Amino acid sequence: MTATSDRTAAPFSGPQGTDDLPDVEPRRVARRPERAFAAIALLGLIATAVGVVLAVRTDRSNERRLLQVQTEQAATVLASATNSIQEPMASALDVAASVLPRRRQAVFAQRFARNVGADKTFQFGALWSRGPDGFSEVSAIGGQAGTSPSSAQARALLARAMSSGTLAVRWTTQGRQTRISFALADPVSGFVVYTERVLPAGRRVPVDPGSGFAGLDYAIYLGDAATPDNLAMTDVEPSSLPLTGLTSSTTVPFGDSTLTLVTRPRDHLGSYLGQLLPWLVGFGAPLLTALAMALARQVLLSRERAEADTRTITSLYRRVDKLYGEQRELSVRLQRALLPRTIPTLAGYEIAAAYVAGAQGIDIGGDWYSVIGFGDDRFAFVVGDVSGHGIDTVAEMARARFTVRAYLVDGDSPQVALEKCSHQFDITTDGHMVTVVAGVGDLCTGELVLASAGHPPPLLLSADGSTEFVPVEAGGPLGVGPSTYQATTVTLAPGATLLCYTDGLVERRAEDIDAGFARLARAAASDELRSGPLEPFLGGLLESMRDAERHDDIAVLALRRTDLTPP
Amino acid sequence: MAKFTAESLDGTWVIRVAGEVDMTSTDDLLALATDCLDRGDRLRLDLGAVTFIDSSGLGILLRIRRHAADAGKLLTLAYVGPGTERLLKVTGLYPLFDIEPSPGETTAPR
Numbered sequence: 001m002t003a004t005s006d007r008t009a010a011p012f013s014g015p016q017g018t019d020d021l022p023d024v025e026p027r028r029v030a031r032r033p034e035r036a037f038a039a040i041a042l043l044g045l046i047a048t049a050v051g052v053v054l055a056v057r058t059d060r061s062n063e064r065r066l067l068q069v070q071t072e073q074a075a076t077v078l079a080s081a082t083n084s085i086q087e088p089m090a091s092a093l094d095v096a097a098s099v100l101p102r103r104r105q106a107v108f109a110q111r112f113a114r115n116v117g118a119d120k121t122f123q124f125g126a127l128w129s130r131g132p133d134g135f136s137e138v139s140a141i142g143g144q145a146g147t148s149p150s151s152a153q154a155r156a157l158l159a160r161a162m163s164s165g166t167l168a169v170r171w172t173t174q175g176r177q178t179r180i181s182f183a184l185a186d187p188v189s190g191f192v193v194y195t196e197r198v199l200p201a202g203r204r205v206p207v208d209p210g211s212g213f214a215g216l217d218y219a220i221y222l223g224d225a226a227t228p229d230n231l232a233m234t235d236v237e238p239s240s241l242p243l244t245g246l247t248s249s250t251t252v253p254f255g256d257s258t259l260t261l262v263t264r265p266r267d268h269l270g271s272y273l274g275q276l277l278p279w280l281v282g283f284g285a286p287l288l289t290a291l292a293m294a295l296a297r298q299v300l301l302s303r304e305r306a307e308a309d310t311r312t313i314t315s316l317y318r319r320v321d322k323l324y325g326e327q328r329e330l331s332v333r334l335q336r337a338l339l340p341r342t343i344p345t346l347a348g349y350e351i352a353a354a355y356v357a358g359a360q361g362i363d364i365g366g367d368w369y370s371v372i373g374f375g376d377d378r379f380a381f382v383v384g385d386v387s388g389h390g391i392d393t394v395a396e397m398a399r400a401r402f403t404v405r406a407y408l409v410d411g412d413s414p415q416v417a418l419e420k421c422s423h424q425f426d427i428t429t430d431g432h433m434v435t436v437v438a439g440v441g442d443l444c445t446g447e448l449v450l451a452s453a454g455h456p457p458p459l460l461l462s463a464d465g466s467t468e469f470v471p472v473e474a475g476g477p478l479g480v481g482p483s484t485y486q487a488t489t490v491t492l493a494p495g496a497t498l499l500c501y502t503d504g505l506v507e508r509r510a511e512d513i514d515a516g517f518a519r520l521a522r523a524a525a526s527d528e529l530r531s532g533p534l535e536p537f538l539g540g541l542l543e544s545m546r547d548a549e550r551h552d553d554i555a556v557l558a559l560r561r562t563d564l565t566p567p
Numbered sequence: 001m002a003k004f005t006a007e008s009l010d011g012t013w014v015i016r017v018a019g020e021v022d023m024t025s026t027d028d029l030l031a032l033a034t035d036c037l038d039r040g041d042r043l044r045l046d047l048g049a050v051t052f053i054d055s056s057g058l059g060i061l062l063r064i065r066r067h068a069a070d071a072g073k074l075l076t077l078a079y080v081g082p083g084t085e086r087l088l089k090v091t092g093l094y095p096l097f098d099i100e101p102s103p104g105e106t107t108a109p110r
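Read top to bottom, the protein sequences are chains U and S.
Per full-length UniProt numbering, residue 1 is the first one in the first sequence, and the count goes up by one each step.
Per full-length UniProt numbering, residue 1 is the first one in the second sequence, and the count goes up by one each step.
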């Protein structure tokens, strides 16, 4: 009956399957940066264009609104200015109606004189009276009037003044001179005050910085039409009119006529930032885009570098993995080559054995087992452990295994075989310590003679499930110097099992070795395990003793005397 | 992994061994012990803080013992914990070492 279980925990993959892996994965990212840069640049340009348009439109609309507000203010100023024309004329009308007829001429001339002159409001003023034959002049100041009271134009103006009761306005242009005529009438008393104002030849009146016109260019036209003929006042060169660009236009009541005010901002009306914003966006956004591209480049470069590093590391890891796998494979094959291919069949006995490699890379250990049939009614068995790991240890294991075996085959008792071996191993030169339990048995009687060189005691499991560690006196391990060994005899009753093992089966880092012995005894005695054949018993025992933290390898040999006596 | 510290006390070199003494630490321990044995006549291995020792660790104790014996130097083990002591007895190594009894404690019989 032969049993060798292969339990090779392999954290590294074997050599197969990794051979055709490429060293470096193909580069898949070559064209990505250019695309990313193009996208960033395009987005940047679009954002810049949209930003500039928005900033310009916002600024324009702001300017328009501010211009409108300021123009309305200027219109208010202009409207109040017309009062300065109407007020002295109304005052003169009141006076004319209230004084005696004979004094009217003198009083009008005296009172109205302060309003008439080259640099005064009017250049001509007259008081006219309505008679049965039309209007006649009562009093006049400022020389010759541009229009006679009896002229058709004058009559039309006076009629308008009479009928409306408001200030009637008309203007005439002769050459470069424009003369505005005003008439204010009192229909009850029949008096009319008639004035004329001559506009300055250049029409240019600079802006008073404190006035509502501050910051504006303006042009004031008589009437609704902004034509050069109707130009009343402006602060710019009249030949450059009309005002162009951003302009605002409004009308102001001017007696029974109107004035048209056209304005244009001289400078930017809104905040400096608003004016600057389109430029800021126009130059800033491309700068930001360039910055974003530089950052993206850095990110992409470092990512590529990281990916390249990862590929290199992965490739190296795979190579190392492969090498380790090969070495481990070699070691495991060597180990297995050195273990018995078959176990001799012994009449009346069941034998099962297993080797379990440790779980640490290529560091396989030096545990072994042997069973030797002598051809007569005797047999021998050995379980041993060479300390250390790796190829050297496996080689040392081979030497120990065949040395012990040779003495036993030669007919030596276990204690003598171990004593002879103790002369042949030296830890100082070999670097290894070897523990061995060796036994010679009688097939017929079940009597076993055991000796131990520093090896854990075998476990004796009776048919009834009771367990006992065989009290073998442990001599020194092989390699520590010449030793002598004590023989211990134990009889294997029918149905009883002897279990020899290496320390890997019981040893755990977190506990005392006695706890490991106790656990082994409990596991072996469990009804579930010991009731069946030996091979599954051993498999189940190894499974129940399994330790995830285990580093060491395990060799285990079970020997059961069956109930049947040999023929 | 084990940790080692060495110091000289009254002419005796003391190596304090702590942690798990297994194949990962054996070379360092052997080198340190060899160095101490070269410098002085007496070496004490203080095993009080050892939590685990396996057959590789025992093997290194044996090699240190052989090195001391060959050089005519004195090696003692001190503060051997019950787990280590039991392992030394199971492996038949206990009689090979000169083990200092821990203060206030008698050596447990086999």
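To be clear, the hints were calculated from the coordinates, so they are not data collected in a lab.
A portion of the hints provided could be inaccurate.
Stated by the list, open to error - Here are the computed lysine-lysine pairs in the DSBU-like style, where the Cα-Cα straight-line distance is at most 30 Å:
hint	chain 1	residue 1	chain 2	residue 2
1	U	Lys322	S	Lys89
2	S	Lys89	S	Lys3
3	S	Lys3	U	Lys420
4	S	Lys89	S	Lys73
5	S	Lys3	S	Lys73
All figures in this text were calculated on a predicted structure; none of them were measured in a lab.
_Checking one constraint from the list: CA of Lys3 (chain S) to CA of Lys420 (chain U), max 30 Å. Satisfied?_
Measuring from Cα to Cα gives roughly 38 Å; hence the hint is violated.
*Taking only the CA atoms, is the gap from Lys89 (chain S) to Lys3 (chain S) under or equal to 30 Å?*
holds, 24 Å
*Does Lys89 (chain S) lie within 30 Å of Lys322 (chain U) when you go C-alpha to C-alpha?*
Given pair Lys322 (chain U), Lys89 (chain S) is violated - Cα atoms ~42 Å apart, limit 30 Å.
*Within 30 Å, alpha carbon to alpha carbon, are Lys89 (chain S) and Lys73 (chain S)?*
Holds. Lys89 (chain S) to Lys73 (chain S) sits at ~24 Å (cutoff 30 Å).
*Under the criterion that the straight-line Cα-Cα distance not exceed 30 Å, is the pair Lys3 (chain S), Lys73 (chain S) satisfied?*
Measuring from Cα to Cα gives roughly 24 Å; hence the hint holds.
Against the hints set out earlier in the document, violations occur for numbers 1 and 3.
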